[in-house]
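4 protein chains.
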Amino acid sequence: MIRFTNDYSQGAHPDILQAITEVSMEGNFGYGCDPHTERAARLIGELCQCEGAAIHFLMGGTQTNMTAISAFLKPYQAAIAAESGHICTHETGAVEGTGHKCIAVPTKDGKLTPDHIRQVMEAHPDEHMVQPKLVYVSNTTEWGGFYTTGELEALRQVCEDYHLWLYLDGARLGSALAAGATTLPDLARLCHAFYIGGTKNGALFGEALVIVEPALQADFRYHMKHRGGMLAKGFLLGVQFEVLMEHQMERYLAMADHANQMAGRLRQGLEERGYPFYVDSLSNQIFPILPNALLQTLEGDFHWEVTRKMGDGNTVIRLVTSWATTPQEVEAFLAKIPHKTVELHEVI
Amino acid sequence: MIRFTNDYSQGAHPDILQAITEVSMEGNFGYGCDPHTERAARLIGELCQCEGAAIHFLMGGTQTNMTAISAFLKPYQAAIAAESGHICTHETGAVEGTGHKCIAVPTKDGKLTPDHIRQVMEAHPDEHMVQPKLVYVSNTTEWGGFYTTGELEALRQVCEDYHLWLYLDGARLGSALAAGATTLPDLARLCHAFYIGGTKNGALFGEALVIVEPALQADFRYHMKHRGGMLAKGFLLGVQFEVLMEHQMERYLAMADHANQMAGRLRQGLEERGYPFYVDSLSNQIFPILPNALLQTLEGDFHWEVTRKMGDGNTVIRLVTSWATTPQEVEAFLAKIPHKTVELHEVI
Amino acid sequence: MIRFTNDYSQGAHPDILQAITEVSMEGNFGYGCDPHTERAARLIGELCQCEGAAIHFLMGGTQTNMTAISAFLKPYQAAIAAESGHICTHETGAVEGTGHKCIAVPTKDGKLTPDHIRQVMEAHPDEHMVQPKLVYVSNTTEWGGFYTTGELEALRQVCEDYHLWLYLDGARLGSALAAGATTLPDLARLCHAFYIGGTKNGALFGEALVIVEPALQADFRYHMKHRGGMLAKGFLLGVQFEVLMEHQMERYLAMADHANQMAGRLRQGLEERGYPFYVDSLSNQIFPILPNALLQTLEGDFHWEVTRKMGDGNTVIRLVTSWATTPQEVEAFLAKIPHKTVELHEVI
Amino acid sequence: MIRFTNDYSQGAHPDILQAITEVSMEGNFGYGCDPHTERAARLIGELCQCEGAAIHFLMGGTQTNMTAISAFLKPYQAAIAAESGHICTHETGAVEGTGHKCIAVPTKDGKLTPDHIRQVMEAHPDEHMVQPKLVYVSNTTEWGGFYTTGELEALRQVCEDYHLWLYLDGARLGSALAAGATTLPDLARLCHAFYIGGTKNGALFGEALVIVEPALQADFRYHMKHRGGMLAKGFLLGVQFEVLMEHQMERYLAMADHANQMAGRLRQGLEERGYPFYVDSLSNQIFPILPNALLQTLEGDFHWEVTRKMGDGNTVIRLVTSWATTPQEVEAFLAKIPHKTVELHEVI
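Chains as they are written, first to last, in our numbering: chain V, 65 to 412; chain L, 65 to 412; chain P, 65 to 412; chain E, 65 to 412.
In case anyone wonders, no lab produced these hints; they're calculated from the structure.
Among the clues, some could well be false.
[To be verified] To give an idea of the interface, some chain L residues facing chain P are shown, with a C-beta separation under 7 Å as derived from the structure:
#	residue
1	Y72
2	Q74
3	G75
4	G94
5	A117
6	Q127
7	P278
8	A279
9	A282
10	Y286
11	G338
[Unchecked claim] In silico DSS-like links for lysine-lysine, alpha-carbon gap of 27 Å or less:
#	chain 1	residue 1	chain 2	residue 2
12	E	K138	P	K138
13	V	K373	L	K172
14	E	K172	E	K138
15	E	K138	L	K138
16	P	K172	E	K404
17	P	K373	L	K138
18	V	K138	P	K138
19	L	K138	V	K138
20	L	K138	V	K172
21	P	K172	P	K400
Cβ coordinates follow ideal geometry from the N, Cα and C atoms, glycine included.
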């Protein structure tokens, strides 16, 4: 079966596995107090051109989001996120589990704008309501879109106006960076904190949290341990991010670029065959609208996630590519897709 | 100044104050283990025709909601509420503070329908999302509307279908009962738990939580103490609800009926003068749309809450009456309201 | 039945009830935004000789402790308390319910010393453990003892050394103040925050939290609402503390002094009759050790709490007096107590 | 440097690394919904002779403890643990962070007895205190001791008497199993839930939680996701536990046995040289008392953790061995240890 299910169906890039194997018998102190973690953090600081940043490594996205957001907020403060934001929809209430409301903003494409933020702030004037204090964005978004540097500048400005923290979930940051939407130095300049996702871009597991804002840095290791997010063998995270980040993050960008290209080829192939998309996306996630009848013919050979049943005989599906997706897999998929014809009578 | 600000501007009905004074020097055990609390609970059980119900007395609405909802849900479970629901908007994230997401459903009038519930349930299929488990409704609603017995029957049915708890916030239940929208026996038949509000209907403070569902009754006093909601002098709650509930809750209904009538007179007067309303309401909260220029003339003599600025020179305001509102106050207000004329050019 | 069960068996001092009755129909804004609350806060600030203090009124001790402590601590920080401290033993895990560990220190008499604090701090060196950040003391203690000004000075010094907050639970502060153990200006000078208990000294309910430390003052009303601790009719708290605090807190001290004297008479009477005490106490709580056989003869006529069964035919009981205890009640009790004789053979 | 610091200084046993490498490119569904996880769970069920058990894989000990304990308890319920228990001392308040008190019981050797439990239960009679509901034990304990099957039977009996859950932290279960202290079928018979530690016995990371009690099994995957403990690439956990558990858990036992033997050789060597131990231990953790002057000569070449400074010129240190400790490392250490002589004057 060929999987376009997600970008974490494989273990890790062979270079990552080899590095883990090499480091395995070295002997290292636990909990991230080792030279690999130190070097990985230094590399990230340099790439961000922000050596004052505090860098921490956690095991997964939900864990990173809940640990960071609960560390950054006081009990009565809330996060603002797009209704489609990962913390709102796909984390089983992990942020609320730490006591904080996520204010969900309906959006067309999963992207927050300064106007969204202003409206939320005006609707929360006093102590009878939560105090919105953190803006959560994901880049790429859950709909495969990017926040450009310019868009992030506008968000940061509105955050300054209202004394809000700007926090960016970079579970799929590689895709946005490889596509040129933004850069690490720009993220470090514009976000108070963000994370660089490893799990979905070639690492076995791991996310690198970059806390730029000094006021948010204190005692973060306490927060990690308190939320169950400090890995005993922290050097495993360090060595992986050494591989991903060294040489100007060459491997990280190459893997993300490959994923983007594979998705681009899928998109182009589907467009050529006449199929529409639910949203535009230049990232490694695309959302074509395909006839149910066609999808039935693909089942078993291919796997994807259903995003939305349209009720008119079509379904929005999500196709995700990764560093491990091959051109052959893409071609095999497209080979099964006929040109969309007017005559085709689809049944629901 | 005449206040239509809310229904808790006064202390308590004189009968309540007298009863507290009479009981003051009796000597009673603390924490609700006294004969007044016992009798008040028994009276409520009888009025509900549900003597298996567990009755507990708490001090305020937010406290009751957060204690009950956190007691009824497991950590990963969520409450479903109208976006305008009190737990979503006016409790400073108290429910989230206990670890639970409130799923906010946009509605026209603040009322949930079975279709709303079904849509939420279909959107939450698995463990990557919170598990919706409790439906929160308020009666009367935050927009002054009622859930009728028939509407509650439909909600209970959908709750049965999806194994959800139906919980009703009765901060202003008196208004709904006095208007005949529903009855205590119907509430006890249809809700798994609900509360009878005292604070907003003549008590000094206090809400009576009725837990009908046996599966939700265990150890509730532990929950109360754990959330800081067990009053040392619990007999103060007991004696107040004795006064409110005795004689077939005569005083409770009379006070609520009076509040409804005062609001009705205000509504009628404004209608006669040609002013529209933002939503229909037969309860003690009404939402007229008045010109900003007119409102300026009323300031200082009267007080109200602004609900929404329309941006066209008009404002939706909320007028609330209570057991303590006098016909003279209502007439004094209406006396200052001219007939709406076409010629009037309002400025924003 | 004559109750020495606790100091909250009665409602409130008649002056309090009268003040509530007088204010009842005034019309006041809700949530503590009223002139009574304002005046009560001003009076307390003046009594403390600390007008920069932020004063807030809550409904009970557990609620005040959990709201204040969770407001003052970050998620990974802990409170240090005597093992017998109210937050450790009698609040059903309310502080832990907000996410914070209470580090329980075994003590002989329920009082923390600087050495206790130092030992705790040395045992908590790094991020694999909670970070102790707040010292909780109660004055009077749960064993009826006082912290003197000198003892509080020593505690404050050690708090300075380790960057800890000193928080004082004053549920029974009246007794300590009336006995001259310390003063409000000293408390305001030495504690970062403390509360002045109303519930156990003549108020219907209510505690006045004094936050002296500016760093702990921000947004406290948000915390109150978030934890369910903001009373709708906040003016009820204001008016009670006006009565208690006006005229140099004359009524407050007089009631506490009366309670101390009644306990002193009980203590003296028991001493004269030859009975020992489990701990020394000059406050309104005393802990005599009485023969079980004697206690049996008192049951039904008097009520007390059992503190500890000694297993040798004796029991430590707690006798509590209050502003409402009468000399006649004390004499009635002593009249039933024979002189302790050597011959008496007690059975377990 | 030779490390006796802990049992997680290395990555993983080569067989584990090879298995991960082999599975890496297979393509698997995420979140533990894959055949490796399924098989690992089945193997564990068989080894436990308890196929009704629910098996879940998490990433580390603190995460497993906080997720399980918060899943098993209601908000007002507490865990009972030895004061030295990992949840009490070394998890930065993670369990309290989920809202639950840990009741710390002072013990001599880190082991709870039925009497300890009974005393705690008698001290917690009503709703003004937390309700103790779960007994936490670790096997091996933090002091290197074992609970035998007989001791666990006695604990289970007292748990039955008081309706408590018995939960066993098996971070170092391998050592206890390899030493014959107990068996998996006995654990499954006597504990309501327990976990089999991978991190400290040759896995890269991972703990296998075995929930035996049906009443505790429902919706556990929701709890995992809610607490940030569901690994995207769950198959990495599955494949590791396949290696550890297959062939009657041959590799798991062999690695633990090796660690025990290495510690035994250290213990024997130190005993022969005349040094005492702070506690007895047959596991892979030993606690010799060594002169400070001697320790100074070892620094730089060897690493250990300081457990307690005795203040008499001696220090209790912890030496930990693992599957990766070599006989050469043990001999190198012992070669530096002279026989303890009376003449040696140690300085503090």
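Okay, the hints, checked on the actual structure:
no.: 1; hint: Y72; in the structure: holds, 5 Å
no.: 2; hint: Q74; in the structure: holds, 6 Å
no.: 3; hint: G75; in the structure: holds, 3 Å
no.: 4; hint: G94; in the structure: holds, 6 Å
no.: 5; hint: A117; in the structure: violated, 23 Å
no.: 6; hint: Q127; in the structure: holds, 4 Å
no.: 7; hint: P278; in the structure: violated, 22 Å
no.: 8; hint: A279; in the structure: violated, 21 Å
no.: 9; hint: A282; in the structure: violated, 15 Å
no.: 10; hint: Y286; in the structure: holds, 6 Å
no.: 11; hint: G338; in the structure: violated, 30 Å
no.: 12; hint: K138/E with K138/P; in the structure: holds, 23 Å
no.: 13; hint: K373/V with K172/L; in the structure: holds, 26 Å
no.: 14; hint: K172/E with K138/E; in the structure: violated, 30 Å
no.: 15; hint: K138/E with K138/L; in the structure: holds, 8 Å
no.: 16; hint: K172/P with K404/E; in the structure: violated, 40 Å
no.: 17; hint: K373/P with K138/L; in the structure: violated, 39 Å
no.: 18; hint: K138/V with K138/P; in the structure: holds, 8 Å
no.: 19; hint: K138/L with K138/V; in the structure: holds, 23 Å
no.: 20; hint: K138/L with K172/V; in the structure: violated, 33 Å
no.: 21; hint: K172/P with K400/P; in the structure: violated, 31 Å
Of the numbered hints stated above, those contradicted by the structure are hints 5, 7, 8, 9, 11, 14, 16, 17, 20, 21, listed in ascending order.
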